[in-house]
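Fit chain B to the known structure of chain A by using the hints.
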Amino acid sequence: MIVNEQVAVDHGLKKDEYAKICELLKRTPNITELGIFSAMWNEHCSYKSSRLHLKKLPTKGKKVIQGPGENAGVIDIEDNDAIVFKIESHNHPSFIEPYQGAATGVGGIMRDVFTMGARPIANLNSIHFGSPQNKKTKNLLRGVVHGIGGYGNCMGVPTIAGQTSFDSSYNGNILVNAMTLGLVKKDKIFYSKAAGLNKPVIYVGSKTGRDGIHGASMASASFDEKIEEKKPTVQVGDPFTEKLLLEACLELMAGDSIIAIQDMGAAGLTSSSIEMASKGNLGIEINLNKVPCRETKMTPYEIMLSESQERMLIVLENGKEEKAKKIFDKWNLDFAVIGKTTKSKKIELYFDEEKVADIPVNTLVENSPMYDRKWKKAKLPKKNKIKKEDTKHLKIIDVLKKILANPNVCSKEWIWQQYDHTVMGDTIQKPGGDAGVVRVHGTDKAIAASVDSSAVYCWAHPLTGGKQVVCESFRNLISVGAKPIAITNCLNFGSPENEENMGEFVECVQGIGEASEYLKFPVVSGNVSFYNQTKDQGIKPTPTIGGVGLIKNYQNMITMDFKEVDNLVLVIGKTEGHIDQSLFARNILDEKNGPPPEVNLFNEKNNGETLLKLIDNNFIKSAHDVSLGGIITAVAKMCIKGKKGINIKKPKYLINEIEYFFAEDQGRYIIEINKKDFKKVADILHKNAVHFDELGTINENELYINDKTKVTIDELSTSNKSWLTKYISK
Amino acid sequence: MKSSVITFPGSNCDRDMDVALKKFGFKNKMVWHADAELPKSDLVVLPGGFSYGDYLRCGSMASKSKIMQSVINFANSGGMVMGICNGFQILVETGLVPGVLLRNKYLEFICKNVFVKINDKKNKYFKNVDNEVLEFHIAHNEGNYFCTNDQLKEIEDNNQIAINYCDENGKIEDQFNPNGSLKNIAGIFNKEKNVLGMMPHPERMIDTSLSGEDGSLFFKNLINNLK
Chain A
972 MIVNEQVAVD HGLKKDEYAK ICELLKRTPN ITELGIFSAM WNEHCSYKSS
1022 RLHLKKLPTK GKKVIQGPGE NAGVIDIEDN DAIVFKIESH NHPSFIEPYQ
1072 GAATGVGGIM RDVFTMGARP IANLNSIHFG SPQNKKTKNL LRGVVHGIGG
1122 YGNCMGVPTI AGQTSFDSSY NGNILVNAMT LGLVKKDKIF YSKAAGLNKP
1172 VIYVGSKTGR DGIHGASMAS ASFDEKIEEK KPTVQVGDPF TEKLLLEACL
1222 ELMAGDSIIA IQDMGAAGLT SSSIEMASKG NLGIEINLNK VPCRETKMTP
1272 YEIMLSESQE RMLIVLENGK EEKAKKIFDK WNLDFAVIGK TTKSKKIELY
1322 FDEEKVADIP VNTLVENSPM YDRKWKKAKL PKKNKIKKED TKHLKIIDVL
1372 KKILANPNVC SKEWIWQQYD HTVMGDTIQK PGGDAGVVRV HGTDKAIAAS
1422 VDSSAVYCWA HPLTGGKQVV CESFRNLISV GAKPIAITNC LNFGSPENEE
1472 NMGEFVECVQ GIGEASEYLK FPVVSGNVSF YNQTKDQGIK PTPTIGGVGL
1522 IKNYQNMITM DFKEVDNLVL VIGKTEGHID QSLFARNILD EKNGPPPEVN
1572 LFNEKNNGET LLKLIDNNFI KSAHDVSLGG IITAVAKMCI KGKKGINIKK
1622 PKYLINEIEY FFAEDQGRYI IEINKKDFKK VADILHKNAV HFDELGTINE
1672 NELYINDKTK VTIDELSTSN KSWLTKYISK
Chain B
1358 MKSSVITFPG SNCDRDMDVA LKKFGFKNKM VWHADAELPK SDLVVLPGGF
1408 SYGDYLRCGS MASKSKIMQS VINFANSGGM VMGICNGFQI LVETGLVPGV
1458 LLRNKYLEFI CKNVFVKIND KKNKYFKNVD NEVLEFHIAH NEGNYFCTND
1508 QLKEIEDNNQ IAINYCDENG KIEDQFNPNG SLKNIAGIFN KEKNVLGMMP
1558 HPERMIDTSL SGEDGSLFFK NLINNLK
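Residue numbers (this note's numbering), protein chains in the order written: chain A, 972 to 1701; chain B, 1358 to 1584.
So that you can see chain A by itself, here it is in the shape it has in the complex (with noise of 0.2 Å):
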């Protein structure tokens, strides 16, 4: 096939990007050339619209061991222990074909983490589906969950938390976001630079099928009317394969054979051998003919560019090959010596005794282009006032039954059990909790995981959505005892080559960049995912938060259930009465501008160290953080859960009672104290300047306000278990 410039503009090239090639090749690459250029130059592996951006982003810390730009994050937790981790997107496979999609994108984070030397503990997921109305969105939701279910289940890795969300802008565009956490010894852990002249490049997992080529380029293009014809771009996951993978990896990982290892995800060997020859500047050299090959007659093309799943690349020390052979022969995987490192910082294909690439390492990475595209600056929205006689006919009692059925509120149950949640015997906090908690085997050390998005508020206003969503993931650990760490980013945008689009993804960047800083919760690994849009139409920006943090006695860990008649509740933060962009706007008053509540940073920390010092001190019961629907969503939730009830009393502010239960003011948490330890509680609370209410007192099983208003919990609990299953039944 003759190569120009329609050629490369077909495989998704710009015509200028081209041009550049030819510079850079000083002559017109050959097709197979073509074809790596434009997988590496893809927004998806090039980040050629984002690295500007993300460079701002805090990544270093105490606790950090390996910031950004690896396979995954790495974190210290002390005695020797790491905790590696890292979330990606697998938006575009998932719409065009939900389960393989979901769970190959389960299977790429997973392979991300156990290429590090780490064995993956848990797995996390964010999930946002289009309108419920919307016809395709109960199927897709029905084949993610499967497909999540499907690879996470059989890998034996336990699934301990996530989030779903419904919402029109992700009709045609919903996003999976998939993270997991891996546990390793800080002196075992493998990196992807390769170094030393004249070793082993190792294939390993695995056969190379047809499956998956360019997947990486259509994860970089917005969908049309035709994307049906992409199914054959998604790749078709094994994740049996992926166990045996994993288990061979990790027995050679207990030798000194490898000097480095890396997964072939998107853009497979292409990505993977020059990643490695990069990093490690260098050349690498390889030998098409010995690539192991599940279809015959595959070109060079096909092969470099295939995205089967479950393959890994190594590169081995001299005279290793047979020992490392052997592992891989008991796991029945293939195993194949395909080439060499070279010192010629070129990357040098072969197949039938034929030179079919020839390319200089640089020119794909430190040349790939790097944009500083147009953005535009978000205005803050003007708050809306909201009228007396807009709420006068609400009673608090049936907002808050709606809220509790809202789809983006109630109770996910049926999504998470269909994932194994305590396989590996040490998930000490489930699914459907403030974050979920597994201990490190054998110590008396836990990690807590959350994820979360809250694409309104990004969307309302990008800087304090960004900002929002890094203190929200921060609340999250607090509330279960954890000491917060480190996070990871999944950042889920529309276009860049549209300035709104792209002003929403620099200012959400901006947000999270500056709550990290200011909460020393560094950014450790991430991902981005444009062109998240159907024809002009972007998704709402959703920046995706994973954070990671440490209980250091899993004895210690705080739940969300209330746990005793007659324990007092507390409210800590302060109450504003911020409704704009809250559910009850958005939702029962049906109101959709104006500001998301503001977020105040140094509340968040001083809030945020003050609860964990009452957990410290053993004074804290229970805990939750405040988020959608406000205080009484919070508690009707802490009720449902403990199966308890609670008397509620206002407090005296001048805010109205619609403005206190349901605005949405950052910085909140909810705790339940005992009785006797309330002196020394407020003691605690006064001297760090930590606003609170006195909220009320638990009860057997009615949630009362001010005496005057009632429900059972039973009553609640119904109106947040039924929707899903109701929905997904019908």
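Treat the hints with care, as some may be off.
Just the calculated beta-carbon pair ranges, DEER-fashion [claimed, not checked]:
| id | chain 1 | residue 1 | chain 2 | residue 2 | range |
| --- | --- | --- | --- | --- | --- |
| 1 | B | E1525 | A | D1507 | 54 to 64 Å |
| 2 | A | A1225 | B | D1507 | 49 to 59 Å |
| 3 | B | G1527 | A | H1412 | 32 to 42 Å |
| 4 | B | D1524 | A | R1113 | 25 to 35 Å |
| 5 | B | E1530 | A | S1700 | 16 to 26 Å |
In short, the hints are calculated from the structure, not lab data. Every residue gets a Cβ at the ideal spot worked out from N, C-alpha and C, and that includes glycine.
This is chain B only, laid out in the frame that chain A set:
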């Protein structure tokens, strides 16, 4: 007491079972599926997981692996063999226990706590358990027990049903059946009651921080009965 846990390609509850057995005093050995010989054991456990990726039929390929001939011989000579979840699926494929395990009635994987009622205590697994009802944990996609009417009659005549799904008071009704199992069957013995296959995972219920503690009760009792 010596125990052996078999690891098949795709087993994923083998470590959890090893942890549980050791916690309650067993000297446990992990045995690779391609080995021919079983170490000397008082108990052999086929753990949960997805042996051979559940391909072909859950448990069917594992039931033909090399070690299984030794396990079958061990069982036929009266040795104690317990299959949990995928291990139960492997046991039905070998024919050591009767019946089959179909896909769950609602075609969904289920992971949750359930209650089971002990149907028979004249065996080494449940003898001396004080409780009638245990809170166990299930996590499976194919746990819907089924057999022919003739088989069912034989099973009932021989009292081979080990445990049934029920509510916390031991009431065995359809609404407490998580997967559509015939007669709410959650676990079943061979005729001699030295082989037990069950869907619930007692190894996930071995301390208060986990889903519960009735697994501890089960293992403590089991090791005492074997002494």
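Do the hints match the structure? See the list:
no.: 1; hint: B:E1525 / A:D1507: 54 to 64 Å; result: 56 Å, holds
no.: 2; hint: A:A1225 / B:D1507: 49 to 59 Å; result: 52 Å, holds
no.: 3; hint: B:G1527 / A:H1412: 32 to 42 Å; result: 35 Å, holds
no.: 4; hint: B:D1524 / A:R1113: 25 to 35 Å; result: 29 Å, holds
no.: 5; hint: B:E1530 / A:S1700: 16 to 26 Å; result: 20 Å, holds
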